[in-house]
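K.L.:
With the hints as your guide, set chain Y onto chain R.
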Amino acid sequence: MKNIFKSTLALVALFAAFTSCNNSGKSGGKSGALASNIAEKVYVAPGEHDSHYAFLSGGYSGNLTVYGLPSGRMFKEIPVFSQFPTNGYGYSEESKPMLETSYGFIPWDDSHHPDISQTNGELDGRWIFINGNNTPRIARIGLRSFETEEIIEIPNSAGNHSSSFITENTEYVVAGTRFSVPVPQRDMAIKDYKGNFKGALTFISVDPEHGHMDIKFQVLMPGFNYDLSHPGRGKSHGWFFFTTYNTEEANSLLEVNASQNDKDFIATINWKKIEEYVNNGGGTMMPAKYTHNLLDEATHTTTSTMKKEVRVINPSEVPGAVYLLPTPKSPHGCDVDPSGEYIVGNGKLSANLTVHSFTKMLDAIENEKFAGDAYGIPILNFEDVLAGSVVQPGLGPLHTEFDGEGNAYTTFFISSEVVKWKLGTWEVIDRKPTYYSVGHLTIPGGNSRKPFGKYMFAMNKITKDRYLPVGPEMEHSAQLYDISGDKMELLLDFPTHGEPHYAAAIPAEIIKENSLKFYKLADNKHPRKATNESETKVVRDGKNVHVYMTMIRSHFTPDNIEGVKVGDKVFFHITNLEQDFDVPHGFAMIGANNADLLIAPGQTRTLAWEAKQVGVWPFYCTDFCSALHQEMQGYIRVSPADSDIELSWSFGED
Amino acid sequence: MIIGSLLLLGLFKFPLWNIMLGAPQYPDPLGMNIYIQGIEGVEEFDLQNIDGLNHYIGMKTIPKPEDMWEFSVFPKVIIGMVILGVIIGSLGFFDRLSYKYFLGWFLLMSILGVLGMYDFNNWLTEYGSDLDPNAILKLNNPDGTPMTYKPPLIGHQKLLNFDVDSWPHIGGYLMFTGMVLTLIAFWLGRKFTLKKTTQ
Numbered sequence: 001m002k003n004i005f006k007s008t009l010a011l012v013a014l015f016a017a018f019t020s021c022n023n024s025g026k027s028g029g030k031s032g033a034l035a036s037n038i039a040e041k042v043y044v045a046p047g048e049h050d051s052h053y054a055f056l057s058g059g060y061s062g063n064l065t066v067y068g069l070p071s072g073r074m075f076k077e078i079p080v081f082s083q084f085p086t087n088g089y090g091y092s093e094e095s096k097p098m099l100e101t102s103y104g105f106i107p108w109d110d111s112h113h114p115d116i117s118q119t120n121g122e123l124d125g126r127w128i129f130i131n132g133n134n135t136p137r138i139a140r141i142g143l144r145s146f147e148t149e150e151i152i153e154i155p156n157s158a159g160n161h162s163s164s165f166i167t168e169n170t171e172y173v174v175a176g177t178r179f180s181v182p183v184p185q186r187d188m189a190i191k192d193y194k195g196n197f198k199g200a201l202t203f204i205s206v207d208p209e210h211g212h213m214d215i216k217f218q219v220l221m222p223g224f225n226y227d228l229s230h231p232g233r234g235k236s237h238g239w240f241f242f243t244t245y246n247t248e249e250a251n252s253l254l255e256v257n258a259s260q261n262d263k264d265f266i267a268t269i270n271w272k273k274i275e276e277y278v279n280n281g282g283g284t285m286m287p288a289k290y291t292h293n294l295l296d297e298a299t300h301t302t303t304s305t306m307k308k309e310v311r312v313i314n315p316s317e318v319p320g321a322v323y324l325l326p327t328p329k330s331p332h333g334c335d336v337d338p339s340g341e342y343i344v345g346n347g348k349l350s351a352n353l354t355v356h357s358f359t360k361m362l363d364a365i366e367n368e369k370f371a372g373d374a375y376g377i378p379i380l381n382f383e384d385v386l387a388g389s390v391v392q393p394g395l396g397p398l399h400t401e402f403d404g405e406g407n408a409y410t411t412f413f414i415s416s417e418v419v420k421w422k423l424g425t426w427e428v429i430d431r432k433p434t435y436y437s438v439g440h441l442t443i444p445g446g447n448s449r450k451p452f453g454k455y456m457f458a459m460n461k462i463t464k465d466r467y468l469p470v471g472p473e474m475e476h477s478a479q480l481y482d483i484s485g486d487k488m489e490l491l492l493d494f495p496t497h498g499e500p501h502y503a504a505a506i507p508a509e510i511i512k513e514n515s516l517k518f519y520k521l522a523d524n525k526h527p528r529k530a531t532n533e534s535e536t537k538v539v540r541d542g543k544n545v546h547v548y549m550t551m552i553r554s555h556f557t558p559d560n561i562e563g564v565k566v567g568d569k570v571f572f573h574i575t576n577l578e579q580d581f582d583v584p585h586g587f588a589m590i591g592a593n594n595a596d597l598l599i600a601p602g603q604t605r606t607l608a609w610e611a612k613q614v615g616v617w618p619f620y621c622t623d624f625c626s627a628l629h630q631e632m633q634g635y636i637r638v639s640p641a642d643s644d645i646e647l648s649w650s651f652g653e654d
Numbered sequence: 001m002i003i004g005s006l007l008l009l010g011l012f013k014f015p016l017w018n019i020m021l022g023a024p025q026y027p028d029p030l031g032m033n034i035y036i037q038g039i040e041g042v043e044e045f046d047l048q049n050i051d052g053l054n055h056y057i058g059m060k061t062i063p064k065p066e067d068m069w070e071f072s073v074f075p076k077v078i079i080g081m082v083i084l085g086v087i088i089g090s091l092g093f094f095d096r097l098s099y100k101y102f103l104g105w106f107l108l109m110s111i112l113g114v115l116g117m118y119d120f121n122n123w124l125t126e127y128g129s130d131l132d133p134n135a136i137l138k139l140n141n142p143d144g145t146p147m148t149y150k151p152p153l154i155g156h157q158k159l160l161n162f163d164v165d166s167w168p169h170i171g172g173y174l175m176f177t178g179m180v181l182t183l184i185a186f187w188l189g190r191k192f193t194l195k196k197t198t199q
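Here the protein sequences line up with chains R and Y, keeping their order.
1 is the number of the first residue of the first sequence in full-length UniProt numbering; add one for each residue after it.
1 is the number of the first residue of the second sequence in full-length UniProt numbering; add one for each residue after it.
The following block holds chain R by itself, in its conformation from the complex:
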């Protein structure tokens, strides 16, 4: 009896110990053992690789950054819409055409929503697309070279925000306008907006082999603001969904005037139907001016072409292709679950989160249960298409992603948290704070048929005290969560670059083996290449002097150039002769008004330099390439404009 009593006591003590452990774990998770457990989850040992790539948009940096998960380490900044003096992108003669637009050369943009190419609704890791928001453009970045390979401008668009989302076989990358504008642009009173402005939703076809983009058609929608979009997938493949706000069609003080309607819309477009219409010659070719800029990997050179017309479609031309789904209160994110059944409208001023059913939508369309129309586009009844609502999950819902296990994760900007809820039952399962005011969130593959639901990261708009203070201007913070369990677990806080809006992430093994190590010199077709030192030369063409130069550890050929005169423009066409992994060379010329060049093995790049002053001017390699990097240098002699010194060049002569 005594013994039993004793062992019961011991058991009670044991329970107490476990319970107290649990408690301390829940309250803050800062106890030693648990903290080190979390550290292990994000620790990638020196020399080891991360399990996932994450591609974060740069926002006002105009670029795309590459991170590793779970470590949160940044590997690379890929220049896309912005000049990048680091490697000469947008400064070299070969890359300047990439930033040409119908407005001329534009050195900057605001990049928002990267999306990785898909096959059968699953990430295939061939390309990543991203939108330029300010001067409407879509870029394609190759995931072999991790370089921007193509940019196409979007005519009739303004604030290219509901972009760049792709259909499940990368048939189209879709770009929707945020601002409605006069189409075509013309001089008119702003107050006449209502009924006159249009919102262009652009479907850009993607060549399945090379990824080359071409505008297939634009749907000219009523003058709402088109905020975000996502493709249907699985059963809803063939449809595309766009959130709208400002269905009031206000042109001033939108924060009040565009928040009056109880419901705005999710616009849905049956693009397969329109595609068929277009393939049969439907639509109107409209005069337009937009650039198409394409990098040729063989010549390492981008060519910019000005396009002269675009095919536009009026929704009324294709009956049964466009519908409006009433959705409460200025919905922002428009997210489709992996099955393609649920369309989440994140009504940012709404107390509840609205989820539409694709099946119900089809049913309502079939039975022609319309509540009315807007400019001839049928409006469905809210109740007929509603799948369910997540009731009061938080304040200010913005974006939703999915884990492939039947759960959805929604960010709440105002209450600064991520909320996990269940598809179908609409019950809230968990909530975790973010630091602070989260915008988008990303689950690898979280907007595809097959999410890889191990990690989720939230990208925040406000940083404040998360890191050591660095003055009034800060980089934004992101938080990584483990979502493999029932409850989300905060693992890591990491700073990002620029302002990441959306990000796309993918398991590393899908792309890492395809990553290019260097360009083959034998495949170089640059018109001014020099593939060995005997091909180097200097050629005068009027006031232009072309230097065909090579670089290899650790010298330039030629490295002494004479006969250049004041007023000449010198083009250094430099080929890196190395054929080894990670041996780039740089080139910097004193007084150059542009940037340096970073040249990968096998590549040719050109820097223009104006000879302004008489003298002997040095150039050197900017990338510490070898033990004799400091010896990698040369001189150009600039003589007076009326000098009669002949052009000459040499290397290794005394």
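Note that these hints are calculated values from the structure, not bench results.
Do not take every clue at face value.
Said to hold, decoys possible - Ranges between beta-carbon positions, derived for each pair:
no. : chain 1 : residue 1 : chain 2 : residue 2 : range
1   : Y       : Glu44     : R       : Glu533    : 19 to 25 angstroms
2   : R       : Ile38     : Y       : Gln25     : 33 to 39 angstroms
3   : Y       : Gly41     : R       : Thr531    : 16 to 22 angstroms
4   : Y       : Ile136    : R       : Glu40     : 44 to 50 angstroms
5   : Y       : Thr61     : R       : Arg540    : 31 to 37 angstroms
6   : Y       : Phe12     : R       : Glu405    : 54 to 60 angstroms
7   : R       : Ser145    : Y       : Thr61     : 29 to 35 angstroms
8   : R       : Asp493    : Y       : Pro146    : 55 to 61 angstroms
9   : R       : Ser145    : Y       : Leu139    : 36 to 42 angstroms
10  : Y       : Asn134    : R       : Asp493    : 54 to 60 angstroms
11  : R       : Tyr60     : Y       : Asp132    : 51 to 57 angstroms
12  : R       : Glu533    : Y       : Leu108    : 44 to 50 angstroms
13  : Y       : Glu44     : R       : Ala627    : 23 to 29 angstroms
14  : Y       : Leu115    : R       : Asp582    : 39 to 45 angstroms
A virtual CB, placed ideally from N, CA and C, is assigned to each residue, including glycine.
P.N.:
Below, chain Y alone, put in the same frame as chain R:
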């Protein structure tokens, strides 16, 4: 005997020897495969990159097949030995020739092999020590003599920042196996003959 000598044909397809050079900057080592007809890089640009590195210490570039008489003579010698081996083997099989010729072939092949190794070693020595007097890096050993860069004939050696490993490759192993098979053929032939004479 026949199989043994035919295995020598593997030398035309597979490298006889392999030298790998790894360094902190080369986690994936550079490598050269030595065939009887010439030297090739393990990866497409390895030879170019080895030459590029060697120019700092003034080494000559890796020889092309036409630069060395060995690469035209070795294939002929091997073909000769294969034909000889097959003839000896066939005649031996039909009892037209004494098994002792098997041993003869083996000894001849061994002598040629040793000569080949000796020649190979001479080349490595020359390659590693005949340096450009204007080399960028001129290093001395601790005892004051100029440093040379001869890769090991066989085994591992540290040369500056490089770990050099030199070992036989598939072709070499096939050749050794073939030679061992001819020895076995000799031994079998001897056993068979002794049995007959004791009967």
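K.L.:
Next step is simple, just say for each hint if it's right about the structure.
P.N.:
To see whether the hints hold, each was checked on the structure:
For Glu44/Y and Glu533/R, the hinted distance range of 19 to 25 angstroms is satisfied, since their beta carbons lie about 21 angstroms from each other. Taking 33 to 39 angstroms as the suggested C-beta distance range, the pair Ile38/R and Gln25/Y conforms, at roughly 35 angstroms. Evaluation of the 16 to 22 angstroms hint for Gly41/Y and Thr531/R yields a pass: the beta carbon distance comes to about 18 angstroms. Separation of Ile136/Y from Glu40/R is about 47 angstroms and conforms to the stated range, judged on CB atoms against 44 to 50 angstroms.
Taken as a hint, the range 31 to 37 angstroms holds for the pair Thr61/Y and Arg540/R, whose Cβ atoms sit roughly 35 angstroms apart. Restraint check, Phe12/Y to Glu405/R: a C-beta distance of roughly 57 angstroms satisfies the suggested window 54 to 60 angstroms. A beta carbon spacing of about 31 angstroms between Ser145/R and Thr61/Y agrees with the range 29 to 35 angstroms that was offered as a hint. A hinted range of 55 to 61 angstroms for the beta carbons of Asp493/R and Pro146/Y is consistent with their spacing of about 56 angstroms.
Checked against the given bound of 36 to 42 angstroms, the beta carbons of Ser145/R and Leu139/Y, roughly 39 angstroms apart, stay inside it. A hinted range of 54 to 60 angstroms for the beta carbons of Asn134/Y and Asp493/R is consistent with their spacing of about 56 angstroms. Judged by the Cβ atoms, the range 51 to 57 angstroms given for Tyr60/R and Asp132/Y holds: they are separated by roughly 54 angstroms. Remark: the range hint 44 to 50 angstroms for Glu533/R to Leu108/Y is upheld by a beta-carbon distance near 48 angstroms.
Here the CB-CB span from Glu44/Y to Ala627/R is close to 25 angstroms, well matched to the stated 23 to 29 angstroms. A hinted range of 39 to 45 angstroms holds for the C-beta pair Leu115/Y and Asp582/R, which are about 42 angstroms apart.
Of the numbered hints given earlier, the model fails none.
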